[in-house]
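Assemble the complex: chain A is given as a structure, and chain B must be docked to it using the hints.
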Amino acid sequence: MKRKDGMKIDSDPDEILDKNLEEKLEGLLNPVTPSSTYIDELQNRLTKTPEVVVEYPNYLISILVLSSGFVLGTLLLFFLGKIFRMTSSKAKA
Amino acid sequence: MENRSEQDETILDQAIQGDEAAFSILYKDNVKKIYSYIYYRTGNVSDAEDLTARVFQRALKHITRYKKTSVPFSAWLYRIAHNLVANWHRDNQRRKEVPIEDHVDLRSKQDIPDHEIEKKQEVEGLMRAVRQLPSDRQMVLILKYVEDLSNKEIGEIMGKSEGAIKSLYHRTLMDLRDYFEVKE
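Heads up: the sequence lines are chains A and B, in that order. Throughout the first sequence, residue numbering follows my numbering, covering 1 to 93 in sequence. Throughout the second sequence, residue numbering follows my numbering, covering 1 to 184 in sequence.
These are calculated hints, taken from the structure and not from any lab test. This structure is a prediction, so every number in the text was calculated from the model and none was measured. Please note: incorrect hints may appear among the correct ones.
When the alpha-carbon atoms are kept at most 16 Å apart in a straight line, the in silico EDC-like pairs for lysine to aspartate or glutamate are as follows [claimed, not checked]: (1) B:K32 <-> A:D40; (2) B:K166 <-> A:D18; (3) A:K48 <-> B:D19; (4) B:K119 <-> A:E23; (5) B:K33 <-> B:D148; (6) B:K28 <-> A:D40; (7) B:K119 <-> A:E26; (8) A:K24 <-> B:E122; (9) B:K61 <-> B:E20; (10) B:K32 <-> A:E41; (11) B:K28 <-> A:E41; (12) A:K19 <-> B:D175; (13) A:K24 <-> B:D178; (14) A:K24 <-> B:E181; (15) A:K19 <-> B:E181; (16) A:K24 <-> B:E118; (17) A:K24 <-> B:E124; (18) A:K19 <-> B:D178; (19) A:K24 <-> B:D175; (20) A:K48 <-> B:E20; (21) B:K166 <-> A:E22.
Same shape as in the complex, but just chain A (with noise of 0.2 Å):
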């Protein structure tokens, strides 16, 4: 036995419940795209290495500034002790 829209007298309620909210779930569920943007800037944060460029020290400028200083040092030293021994022997003398 059926009704003039077609359903059955008969059915089970629970059954057209379910139909219902089954036709409520497909028409209000859809999917969701992300954005272009979104899409491709993974794409290139996954597939494409990032480039990092390493700056080493330049160890040779400081190994000269080191150096130099190091002979200007003793230089200094080796001339102020020469002219402190002179000055001491001509107190002497």
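Just chain B, lined up with the frame of chain A:
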């Protein structure tokens, strides 16, 4: 998850061997589905974007361990997404969850037609109801309605039989019906 063509198989093989260009193709094929799933599970755009990125980063890192014979590639991605979403929910248990209305519509309310506002409210109500469900039931609903997958395909993703998915789906509908009956 239909029968993969030979070309798809080749791309998958290349990606497994570490070919980034091949992985890029797989990414393009799956990113929308994974994003959509995560969006419905989290309810907001920023977390959906963040978790989608993490899914693909994890997939890229572990793709050499993926075995073609176990599950289809998209099912493997869904499993990663499911685990990450579960961790996300666990980490955010104490933090107040921001529901779907966080997806801000920039138009003013005056510009939105009444039927659109009604639909939006209906979606929000439904999503609140869906989020009350246990995580496996949420997954069944999203995969069935949003991704339009069959029970068999959902079973492959969740590692369950077709019959188990059918009964899980039925129980999910009953839970939702109870929720709406109590509300009404």
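Tell me, in ascending order, the numbers of any earlier hints that this structure violates. none
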